[in-house]
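Participant: Each chain, written out:
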Amino acid sequence: GNSVTQMEGPVTLSEEAFLTINCTYTATGYPSLFWYVQYPGEGLQLLLKATKADDKGSNKGFEATYRKETTSFHLEKGSVQVSDSAVYFCALSDRAGGTSYGKLTFGQGTILTVHP
Amino acid sequence: EAGVTQFPSHSVIEKGQTVTLRCDPISGHDNLYWYRRVMGKEIKFLLHFVKESKQDESGMPNNRFLAERTGGTYSTLKVQPAELEDSGVYFCAISHGNSPLHFGNGTRLTVT
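As you go down the protein sequences, you meet chains A and B in turn.
Per the working numbering: the first sequence = residues 1 to 116.
Per the working numbering: the second sequence = residues 1001 to 1112.
It is worth saying that the hints were derived from the structure and are not from the lab.
Since the model is a prediction, treat every value here as computed from it, not as a measurement.
Errors might be hidden in some of the hints.
Said to hold, decoys possible - Taking lysine to aspartate or glutamate and the EDC-like style, the derived pairs with C-alpha atoms no more than 20 Å apart in a straight line are: (1) B:Lys-1044 / A:Glu-8; (2) B:Lys-1044 / B:Asp-1056; (3) A:Lys-103 / B:Asp-1056; (4) B:Lys-1044 / A:Glu-42; (5) A:Lys-103 / B:Glu-1057; (6) B:Lys-1054 / B:Asp-1024; (7) A:Lys-103 / B:Glu-1052; (8) A:Lys-68 / A:Asp-55; (9) B:Lys-1054 / B:Asp-1030; (10) B:Lys-1044 / B:Glu-1014; (11) B:Lys-1041 / A:Glu-42; (12) A:Lys-103 / B:Glu-1042; (13) A:Lys-68 / A:Asp-54; (14) B:Lys-1078 / B:Glu-1014; (15) A:Lys-77 / A:Asp-54; (16) A:Lys-103 / B:Glu-1068; (17) B:Lys-1044 / A:Asp-84; (18) B:Lys-1041 / A:Glu-8; (19) A:Lys-103 / B:Asp-1030; (20) A:Lys-60 / A:Asp-84.
Model the full assembly from the supplied sequences, consistent with the hints where possible.
Facilitator: Here it is as structure tokens:
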């Protein structure tokens, strides 16, 4: 079956540091890949997505590239801010781009804390 | 923009009691999903409604869980009787067409 493995946290960084959160996956076919973020007291929000190999998703300074050869979708940001403190979830959908993304397989989440 | 309201935001019940969680999506979204995150682990799919019909309930853990979606609008998830291992955060999500999921804030369930 499908699975997603994220680097274990928590991750603690100083403001303006570089961030990488690793994510690897196992899936049949050609899944779509997502990063969701949960800020304190809020629901999950879609941060970015990529629907095919070599696609790069980006949003709010975050980026992730769909690497089929390494089955990875690592999240990066060049300079984190205190407001980026949240829980980050990597996820996949085994429905190809253009169809429903509804049934997602999630990783266990990575807590990020950014200090001033 | 799509919205999903879940309530209660937090529920504390004793083992053996019944709890009903509710999800109110903004209208016009045929697809409604329930997910659960237990004890800081990964978020897991529970089930999927298309309008009022259950499209996929393969993630429902056992027959103590019952989900309904009246008239294809709001949805409820009942746990009866609740067990300690049911504690966690229950998320509702919606989508329309090919759009990615939009999640509610979740209901934190604590079974003591």
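Participant: Which constraints among the numbered hints does this structure fail? Numbers only, ascending.
Facilitator: Of the numbered hints, 10 and 17 do not hold.
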